[in-house]
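Undergrad: This is what each chain is made of:
4 protein chains.
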Amino acid sequence: MPAKAKPKKPSRLITAAPSLVEDLVAANLILFDHEILDGFGHVSVRHDKDPTRYVMSRYVAPGIVTKTDIREFTLDSDPVPERGEKHYSERFIHGEIYKARPDIGAVIHSHAPPLIPFGATGSPLRPLYHMSAHVGLGVPLFEIRRFSNEGQMLIRSPQLGRALAGVLADKPMVLMRGHGATIVAPSLSLAVYRAIYAALNAKLQMDAMRLGGEVTYLSPEEVALCVDGVESTNERAWALWKKEALGKRR
Amino acid sequence: MPAKAKPKKPSRLITAAPSLVEDLVAANLILFDHEILDGFGHVSVRHDKDPTRYVMSRYVAPGIVTKTDIREFTLDSDPVPERGEKHYSERFIHGEIYKARPDIGAVIHSHAPPLIPFGATGSPLRPLYHMSAHVGLGVPLFEIRRFSNEGQMLIRSPQLGRALAGVLADKPMVLMRGHGATIVAPSLSLAVYRAIYAALNAKLQMDAMRLGGEVTYLSPEEVALCVDGVESTNERAWALWKKEALGKRR
Amino acid sequence: MPAKAKPKKPSRLITAAPSLVEDLVAANLILFDHEILDGFGHVSVRHDKDPTRYVMSRYVAPGIVTKTDIREFTLDSDPVPERGEKHYSERFIHGEIYKARPDIGAVIHSHAPPLIPFGATGSPLRPLYHMSAHVGLGVPLFEIRRFSNEGQMLIRSPQLGRALAGVLADKPMVLMRGHGATIVAPSLSLAVYRAIYAALNAKLQMDAMRLGGEVTYLSPEEVALCVDGVESTNERAWALWKKEALGKRR
Amino acid sequence: MPAKAKPKKPSRLITAAPSLVEDLVAANLILFDHEILDGFGHVSVRHDKDPTRYVMSRYVAPGIVTKTDIREFTLDSDPVPERGEKHYSERFIHGEIYKARPDIGAVIHSHAPPLIPFGATGSPLRPLYHMSAHVGLGVPLFEIRRFSNEGQMLIRSPQLGRALAGVLADKPMVLMRGHGATIVAPSLSLAVYRAIYAALNAKLQMDAMRLGGEVTYLSPEEVALCVDGVESTNERAWALWKKEALGKRR
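Residue numbers (our numbering), protein chains in the order written: chain A, 9 to 258; chain B, 9 to 258; chain C, 9 to 258; chain D, 9 to 258.
Chain A extracted, bound-state conformation (with noise of 0.2 angstroms):
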């Protein structure tokens, strides 16, 4: 880490939008209150004038970021400016889905507990109902050991990152066996839409799964038209989520 001059107040280094970052902020604690992340896991959001840049949280739970803990990185997933501050282990995550995904705009890294189950037997994620029809595109599974042979289970190298990004490929979620999930969308809101629905969505399917009999999921013409229609529709569930995490609700 290179000697640096007294570094400037961390407001006046943010170059996105303050809406992007009070986005951000609330969609930290949004995915906490639906436990999509507890005191680990993190989200990011690409740069609204740059797309060379991602907006994350410094090294810091997500239920507890605020304005003054969002930072910039670049796609190589350094901050911007360098301060000398710890940050999360597994950021590439971030950084090599924006590169190869220019579709992206949001990514989520999360240890959502219905999706572990899945990642850990490889039973196939599949949608069950409307609202997760996303999962219907597709959830391919990353398996660590095929990368790297040394027991490691995090994505802490940039190489690490292109091979999740090769895995997850054009689809809108990887499961990570072992480990969690990493959610992708071209919009913030989606991406928090897409991580609690598909964490519902394993939830129900394991429900169904024992029920005994046979489960139908939607055909890919459902679940192409709901994929369509939900881009327009979350916006009532992003104002309530949002009024929730910020503590207006009622």
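Bear in mind the hints are in silico, worked out from the structure with no lab data behind them.
Do not take every clue at face value.
[Claimed, not checked] Short derived list, chain B residues pointing at chain A, Cβ under 7 angstroms:
(1) Gly71
(2) Ile72
(3) Thr129
[To be verified] Pairwise CB distance ranges, derived in the manner of DEER restraints:
(4) A:Thr74 to D:Gly146: 39 to 45 angstroms
(5) A:Pro59 to B:Leu21: 42 to 48 angstroms
(6) A:Thr23 to D:Ser27: 34 to 40 angstroms
(7) B:Gln167 to D:Pro132: 55 to 61 angstroms
[Unchecked claim] Using 27 angstroms as the maximum straight-line C-alpha spacing, the simulated DSS-like pairs for lysine-lysine come out as follows:
(8) D:Lys107 to C:Lys251
(9) B:Lys211 to D:Lys211
(10) D:Lys57 to C:Lys251
(11) B:Lys251 to C:Lys251
(12) C:Lys107 to C:Lys179
(13) A:Lys94 to D:Lys251
(14) D:Lys251 to A:Lys75
(15) B:Lys75 to A:Lys251
(16) C:Lys57 to C:Lys107
(17) C:Lys211 to C:Lys251
(18) B:Lys179 to A:Lys251
(19) C:Lys94 to B:Lys251
No residue lacks a Cβ here, since even glycine has one placed at the ideal position from N, Cα and C.
Using the hints, position chains B, C and D against chain A.
TA: Chains B, C and D only, in chain A's frame:
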């Protein structure tokens, strides 16, 4: 959407009784608190003075509905008056059921999680205990593929609303495969009761089925007697729920 | 209901000790907080100065009971004095058990969800861990069809109350098929303890049975020793629960 | 209990660092918030200046522990000084483990619900994901019947405390059949972490086992690497949990 004059204050445009509006707001919050509605879903009540209208929130998540969001609709689900606002695209569920069922005073469309696995597998929901006796009146399953071959999952037209009302027939609720359920009752408080206890029945029925052994469901005589009795006892729960929802429990 | 003079202030009519009334209010709220009671169910305590009376709320949901709702009843479950108020229709559960069981000082009638599947399937509830040892004293199942052939599910008569007390016999609780359970104990705080930990035992027993393999339940000696010990240790939990219920934990 | 002079103010009697006392209070509340402790169970920390003592609450439910409840104990589990107060009857769990394990700085005795089914069935708890890697270091099962033939379930003597420490051996936790678990770690924050994520692993392992198919558990190499890494990353969760527990999250 036609050009329109400067709108009156919304409250002036509501012709339903203030107590009905207050109860409808409470119902939204109660159903949110009990996880029957989340950011999505909706609850309506038939107009107290005009049975050819129903009352429902405009396009807002149930958890943040307030009095100023309440609107009136014809049974064709056109807002009265037309103010150029956005409305729930599935409001035809409500209008078409009110048309088909003069006995019905309230309708809830829900994605309550415990009901989804039953809809997805077609396992019949059956009444496990006296609080959920209404389940024993019959819970048909609406398979939208029988009525639409384009992959549509939502009830976004009068035609599909009528199809849903047709499958509901004279029952207290209908499961919607891959989507949720719609619950009806003569009164708003009873519809809320039915929605909450149908979801609880679903949860407990899954538990009972997994316990092994045979489940004893309520007999038709037990169902009939319990359904008769609940109308008068539900005032007790409604008083609690309303206080909770309005933040005044203690 | 006889014509009656202008009633005295309720508080004047309560002859039980103020501390008993306070504890009974707390018990209502504690049981609501722990999801043993919801909008329905009730808890009573034997009168501290007159064993031929019991004390219970009037017809109010447990979660909103306050001191002014507390009433006294004879063991025939008649309110004393008669004020023409509505009362729980199942209060005979309480009166008939106090008659049959002079050792009992408190009665809880509950629809606690984890107990319902056991009642519905007849799977025996068995003690899984030391906190729930009282389950090992025996949990009979009350099948109301043996005592009423009209489809009645509720204990709305002295006769059915006596039948329930007969099946309960000398045990700490009785499951009621399709309905719930009734839990008894020498003291109010112990009845609350037993209700909470019986429900937790049910939940964990379902989990253990699904794990496969053999479940080791507590032996009769373990049950006896734990049941003896809990009377003195429960003061610790009661102090916590009461603080929580009265909103004073922190 | 010997006659004793008028006691000093409790705070004067605590020789451990104020920050350790504050963290211990926070640990009690955190573990309560995460349902690792309820009205029962306890958490202790080794004295920062005297390794022959440990620090723990007096006989109070964890959810309401405050600074003034904190006491010091010898490794024989005698309070220092003796003030004639009531103490947890199972405090020997703590003292005997501190004696046997100089590497250990904190001990949690818990009845966390998800662990009970594993203890009761003897199903091995195995590490499902990286957050719970410590489970992969081995989780022995303590069957108290091997050490006591009177039906005793509790660790109410130094002898039983030593037996438990013997079964724990050099592992991070031990399941106690029909009772709960005891979790240890070099530091208090790590013990809290281990307790929370062991319970979550148990829950998820039950889910994964029910999904069918084979569960891929962490390999020994993965366990080793994750266990090494968590010590430094846990500060992030601890900061969150402490803020939450002390009511200062937002």
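Undergrad: If you test the structure against every hint from before, which numbers come out violated?
TA: 8, 10 and 18
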